[in-house]
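**Student:** So the chains spell out like this:
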Amino acid sequence: MQLIAEDLIIERGGRFVIDGLSFTVSTGESLVLSGANGAGKTTLLRTIAGYIRASAGSVRLDGGESELTLAEQAHVVGHANAVKSSLTVFENAAFWSDYLGEGATDRDSIEAALRHFGLEDLVEFPAAYLSAGQRRRLGLARLLLVRRPLWLLDEPTVSLDIASSERLVAAVNDHTRAGGLAIIATHLPLALERARTLEIGSRRMAA
Amino acid sequence: MRSFWALVRRDLQLAVREGGAIGTALGFFLIVVSLMPLGLGPDLNLLSRIAPGVLWIALLLAALLSLNRIFESDYEDGTLDVLATGRIPLELVAAAKSLAHWITTGIPLALLAPVLGILLNLEFRSYPILVATTLAGTPAVSFLGAIGAALTVKARRGGLLLALVVLPLYVPTLIFGISAVSAASGPSGMGASFLILAAISLAAAVLGPLAAAAALRIQLQ
Numbered sequence: 019m020q021l022i023a024e025d026l027i028i029e030r031g032g033r034f035v036i037d038g039l040s041f042t043v044s045t046g047e048s049l050v051l052s053g054a055n056g057a058g059k060t061t062l063l064r065t066i067a068g069y070i071r072a073s074a075g076s077v078r079l080d081g082g083e084s085e086l087t088l089a090e091q092a093h094v095v096g097h098a099n100a101v102k103s104s105l106t107v108f109e110n111a112a113f114w115s116d117y118l119g120e121g122a123t124d125r126d127s128i129e130a131a132l133r134h135f136g137l138e139d140l141v142e143f144p145a146a147y148l149s150a151g152q153r154r155r156l157g158l159a160r161l162l163l164v165r166r167p168l169w170l171l172d173e174p175t176v177s178l179d180i181a182s183s184e185r186l187v188a189a190v191n192d193h194t195r196a197g198g199l200a201i202i203a204t205h206l207p208l209a210l211e212r213a214r215t216l217e218i219g220s221r222r223m224a225a
Numbered sequence: 004m005r006s007f008w009a010l011v012r013r014d015l016q017l018a019v020r021e022g023g024a025i026g027t028a029l030g031f032f033l034i035v036v037s038l039m040p041l042g043l044g045p046d047l048n049l050l051s052r053i054a055p056g057v058l059w060i061a062l063l064l065a066a067l068l069s070l071n072r073i074f075e076s077d078y079e080d081g082t083l084d085v086l087a088t089g090r091i092p093l094e095l096v097a098a099a100k101s102l103a104h105w106i107t108t109g110i111p112l113a114l115l116a117p118v119l120g121i122l123l124n125l126e127f128r129s130y131p132i133l134v135a136t137t138l139a140g141t142p143a144v145s146f147l148g149a150i151g152a153a154l155t156v157k158a159r160r161g162g163l164l165l166a167l168v169v170l171p172l173y174v175p176t177l178i179f180g181i182s183a184v185s186a187a188s189g190p191s192g193m194g195a196s197f198l199i200l201a202a203i204s205l206a207a208a209v210l211g212p213l214a215a216a217a218a219l220r221i222q223l224q
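Chains as they are written, first to last, in our numbering: chain A, 19 to 225; chain B, 4 to 224.
These aren't lab readings, by the way, just hints derived from the structure by calculation.
Don't be surprised by glycine CBs; every beta carbon is placed ideally from N, CA and C.
Please note that the accuracy of each hint is not assured.
[Unchecked claim] Have a look at the derived ranges for each label pair, beta carbon to beta carbon:
(1) Leu114(B) to Asp126(A): 56 to 66 Å
(2) Ile106(B) to Ala188(A): 40 to 50 Å
(3) Gly75(A) to Trp8(B): 49 to 59 Å
(4) Asn55(A) to Leu114(B): 48 to 58 Å
(5) Ile34(B) to Gly75(A): 54 to 64 Å
(6) Arg20(B) to Asn55(A): 51 to 61 Å
(7) Val141(A) to Pro45(B): 28 to 38 Å
(8) Asp126(A) to Arg128(B): 13 to 23 Å
(9) Gln224(B) to Asn55(A): 33 to 43 Å
(10) Arg78(A) to Ile106(B): 50 to 60 Å
(11) Leu86(A) to Arg20(B): 30 to 40 Å
(12) Ala209(A) to Leu170(B): 53 to 63 Å
[To be verified] Now the stretches of chain B that chain A is said to cover, found in silico as 3 or more residues with beta-carbon under 8 Å:
(13) 9–20
(14) 143–156
With the hints as extra help, turn the sequences into a complete structure.
**Tutor:** As structure tokens, this is what we get:
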């Protein structure tokens with residue numbers, strides 16, 4: 019499986035944020051997007067996810083399920099956590115598992131995903147009372163609830179403590195080892211295996 | 004379809020837990036209708052003549068209050084982004100959320116309408132017809148309202164803008180809703196108007212989500 023971006027040009031507000039970018043990410047690899055604030059990391063991720071339409075160029079996932087769009091094979095974790103305050107931690111996770119998945123969901127797999135991010139003691143806790151880091155972890159638990167080959171993570175470590183960041187890195191490494199792909203925009207050095215770094219906006223800075 | 008029903012179920016759950024939207028809409032409906040006799044005076048003949056119109060207009064305004072909730076909170080907490088990556092297209096997402104809005108707002112309002120009819124001296128035999136027409140007409144309110152809700156999802160305090168966008172779309176529902184109730188007491192019966200009202204709702208259930216999804220795609224950019 020391979021994610022291929024060719025000659026991407028993305029315009030935002032009359033400015034070419036990404037101007038002629040090509041890259042590939044293969045099975046088992048993670049790609050770290052780095053670059054200054056405003057360099058276009060989020061824009062690039064949202065374009066890959068299909069929210070933003072590129073002015074030119076294309077992004078495609080070779081070797082994925084041909085009947086599904088790229089977005090349907092991707093997990094997107096953005097700045098917001100998509101956590102509902104009036105549901106409990108478990109209900110939040112169960113909804114995403116039902117909504118994003120296709121098979122029946124069982125309680126065990128949901129609890130396993132929550133356990134990975136250290137939320138096992140908060141399963142029946144109302145999400146309204148979670149701290150920012152705990153909400154983040156609940157948002158990230160979505161990655162493990164439903165198996166999808168492509169992970170698009172936009173600054174996933176924001177408000178995470180060191181231990182939780184390590185759990186996240188472990189999840190990404192497990193994912194790539196199992197043949198998944200991950201694209202991660204981050205400012206922190208993460209201990210990712212088989213990771214390459216793509217500097218966004220560096221050419222423009224140099225010019 | 005699993006995703007569709009999961010979304011409907013979650014929206015119903017949220018509406019019950021948060022509760023405010025249903026309460027506000029029902030409270031507003033009650034207040035507007037009970038102000039009418041105070042403003043117009045105790046002329047029972049006049050009140051019973053204008054009752055269907057007053058009830059329908061008040062119902063539309065009450066439903067309008069809760070429309071912005073269809074997409075707004077999901078947009079704000081990032082849920083909409085994730086919903087867009089689901090196995091169902093955004094059109095079905097919009098349909099599911101409109102359906103949940105109808106169940107949580109349209110049906111309670113339709114059931115409250117005959118109770119408020121007492122305040123307006125509505126003819127007794129009109130009651131079942133009033134319930135039938137409001138039940139048949141309110142899906143259009145939710146599904147057309149979703150278009151406005153999707154268009155104004157990014158607008159801060161978009162409530163008034165939403166009203167301006169959506170109220171003109173409610174004109175056919177209003178006309179045929181009122182004429183079905185009024186015609187029921189006349190010689191020709193309510194048949195034609197009621198069928199048109201139902202047709203408007205069915206058309207809205209198809210076209211509303213299409214337009215709302217198109218608007219959402221632009222908003223997600």
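**Student:** Now tell me, hint by hint, if it's right for this structure.
**Tutor:** Going through the hints against the structure:
1. The supplied range of 56 to 66 Å is broken by leucine 114(B) and aspartate 126(A), whose beta-carbon atoms lie about 41 Å from each other.
2. About 42 Å separates the C-beta atoms of isoleucine 106(B) and alanine 188(A), a value consistent with the hinted range of 40 to 50 Å.
3. For glycine 75(A) and tryptophan 8(B), the hinted distance range of 49 to 59 Å is not satisfied, since their beta carbons lie about 38 Å from each other.
4. At roughly 53 Å, the beta-carbon separation of asparagine 55(A) and leucine 114(B) lies within the given 48 to 58 Å, and the hint holds.
5. For the pair isoleucine 34(B) and glycine 75(A), the beta carbons lie near 56 Å from each other, so the given range of 54 to 64 Å is met.
6. Range check, arginine 20(B) to asparagine 55(A): about 37 Å between beta-carbon atoms, so the 51 to 61 Å window is missed.
7. Distance hint check: the CB atoms of valine 141(A) and proline 45(B) are about 59 Å apart, inconsistent with the given range 28 to 38 Å.
8. About 58 Å separates the C-beta atoms of aspartate 126(A) and arginine 128(B), a value inconsistent with the hinted range of 13 to 23 Å.
9. Judged by the Cβ atoms, the range 33 to 43 Å given for glutamine 224(B) and asparagine 55(A) is violated: they are separated by roughly 20 Å.
10. Checked against the hint of 50 to 60 Å, the C-beta distance between arginine 78(A) and isoleucine 106(B) comes to roughly 39 Å, which is inconsistent with it.
11. For leucine 86(A) and arginine 20(B), the hinted distance range of 30 to 40 Å is satisfied, since their beta carbons lie about 33 Å from each other.
12. Separation of alanine 209(A) from leucine 170(B) is about 57 Å and conforms to the stated range, judged on CB atoms against 53 to 63 Å.
13. Residues of the segment 9–20 of chain B with a Cβ under 8 Å from some Cβ of chain A number 6, which satisfies the need for three, so the listed coverage holds.
14. For the segment 143–156 of chain B, the proposed coverage by chain A is not satisfied: 0 residues have a C-beta within less than 8 Å of a C-beta in that chain, short of the threshold of three.
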